[in-house]
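Chemist: Sequence order for the protein chains is L and A. For the first sequence, position 38 matches number 78 in our numbering, and the numbering has no gaps at all. For the second sequence, position 272 matches number 442 in our numbering, and the numbering has no gaps at all.
Take these hints with a grain of salt, some might be off.
Claimed, not checked - Cβ-Cβ distance ranges computed for the label pairs, FRET-style:
1. A/Val198 x L/Leu163: 32 to 38 Å
2. L/Leu163 x A/Leu498: 30 to 36 Å
3. L/Ile63 x A/Gly485: 57 to 63 Å
4. A/Thr595 x L/Ile56: 40 to 46 Å
5. L/Ser171 x A/Pro180: 54 to 60 Å
6. A/Asn179 x L/Val53: 52 to 58 Å
7. A/Leu176 x L/Ile63: 55 to 61 Å
8. L/Asn86 x A/Pro191: 57 to 63 Å
9. L/Thr92 x A/Leu275: 56 to 62 Å
10. A/Phe205 x L/Val53: 49 to 55 Å
Keep in mind the hints are simulated off the structure, nothing from the lab. Here a beta-carbon is modelled for each residue, glycine too, at the ideal position from N, C-alpha and C.
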Amino acid sequence: MAGLVVAFAPLPVQPIAAQVRTIRIDARQFAYSPSELKVNPGDTVNFQLVSTDVVHGLYVDGYDISIEADPGQTRTLSFVADQPGSFRFHCNVTCGAMHPFMIGRLTVGKNNWLIRSVGLAMLAIVGVVVSIKPKA
Amino acid sequence: MAKIELTRNPFIKNMLKSRYPQLAVFIVMLVGYIFAILAGLIGTPVGSHNFSIVFVWIAWWAILILVAVPFFGRGWCAVCPIPLPGEWLQRGAVLSPPDKRPKWLNLCVPKFFRNIWLQNISFLLLALFSTVLLTTPNITGIILAVMLFGSIGLSTIFERRAFCRYLCPVGGFIGLYSQTAPIELRIKDKQMCVKCEGKPCYNGSANGYGCPWDVFPGGLTKNTYCGLCMECIRTCPHDNIAINLRPFSADLAKPSTRTDEAFKAFIMLGSSMIYAGVLLGPWGAFKDAAYYVGSSAWFIYAIIFLAIIFVILPGFFILGILKTNSTLSLKQRFVSLATALIPLGLMFWVAFSLSFVLTNASYILASLSDPLGLGWNLLGTANLPWQPMLTSILAPAQTLALVGGLIWSVRTSQKAANEIKTSSTPVIVFCFINTLVMLWLLL
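Taking the hints into account, I'd like the entire structure generated from these sequences.
Modeler: As structure tokens, this is what we get:
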């Protein structure tokens, strides 16, 4: 029961005015720069993807949106960050050997799932230790 | 939960006693394995479009770590094709009754090597080069070929399956984690084995070969070194071998007593965390360091990799248990309490693999249609676009795996600590901190 509360109870949210955020992301084999991005829920986000070597793409997990950019070209991906949480973004154009691991991270607001998971881990420890006392 | 003997079912028993069903699976696996080698060597150099990379490191890995190991223990070893050609050569036969005369040198493996340290080393060697191995088809092809021919070579020098038992980089961790699986091969009546003349399960008979894994089934107390080859079911004259369903992690009730196994647990735990950070994290510098083998950055990466596994993780673990009250030596406590890291490590690998596999599974259908990346479209699926799968349930599934693993390891640590009459608290704290790190890396 406590686990369900930790996993699903609503967390307090501080209202923050939505903004328009334009972020330039340089893509090269096999990394994005910057690779860790933070925006607030409700922000209108414009990713400007600039590929500096070969063709690269950018696919955002959870939002299921993507763009591709040829070398030297700038392409823009616009979306409203309406889903809070932490999402990986991946290169979606085969760009070389390490392509499957060309990954960045977008955090929209707080990473609530991580907070909940830490809570669940603490609860699990307390639950097991309290409920099952080792034999003397 | 009591054990359920699966071999009481006549259909299951006959399937296991007959060599033909196993041989059929073996042949399919061997053909697939040889095709993976060829695809790696002659197919496209683009890893995500090459059968060797997609089928070995995505499809096979997913089946191994998410299904085979957790539920069937060494079930993969039961159908693994790597030892087959060597074993056929060693026996001079594929199916015919064994000839007692050794065909080759048939030496015993020296006592110094009769542990899993070589497996620890072979795993670490692959792990240090894993970014290249995972992404470069011809390297994967070469490694698969080296394992096949290495196994053949060892079969001509040593008796039984020396490669599987002492060198296979995969077999080492499958053995460690097979202790958690809800399936086991055990004898039914110990007295029957004591009285049994000739011990055909170990020495062989007209009905089959002596244990290829160099295990006497009568002494089996855990899954670690039983390869589930089913040979003893065929040779036992007293029908005294059973395959049982049992509770998960039954073998972990008795803590480990071996240093090589304890370090295996640290190697696997540390590797899963390093991979989660390097391969799935957003840090390009780490990926560059891991990928450009031979560069100064790679040497630093390799040193840090080994330091985490052999110094930092065991160091913190030892610091934790240093002051606990016990009549046992620090080494004995270290080895016994490291048993708790087995379920934790397994679930770390499950959580890591979920992310890796679900993100890249869409390559499987494309690769089936064009396995060599030569522009074929055999099934009409060659041009399917890359698309991550089930991303909405990924984070909850990973949390479930990691928190579940933490609970499992806490229970295991309590049992291990109880066995050796010491406190489990430092181990619980250690497992908790590592779980927090893994949650942060993956979520």
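Chemist: Checking each numbered hint in turn, tell me which of them this model violates, lowest number first.
Modeler: The structure breaks hints 1, 3 and 5; every other hint is satisfied.
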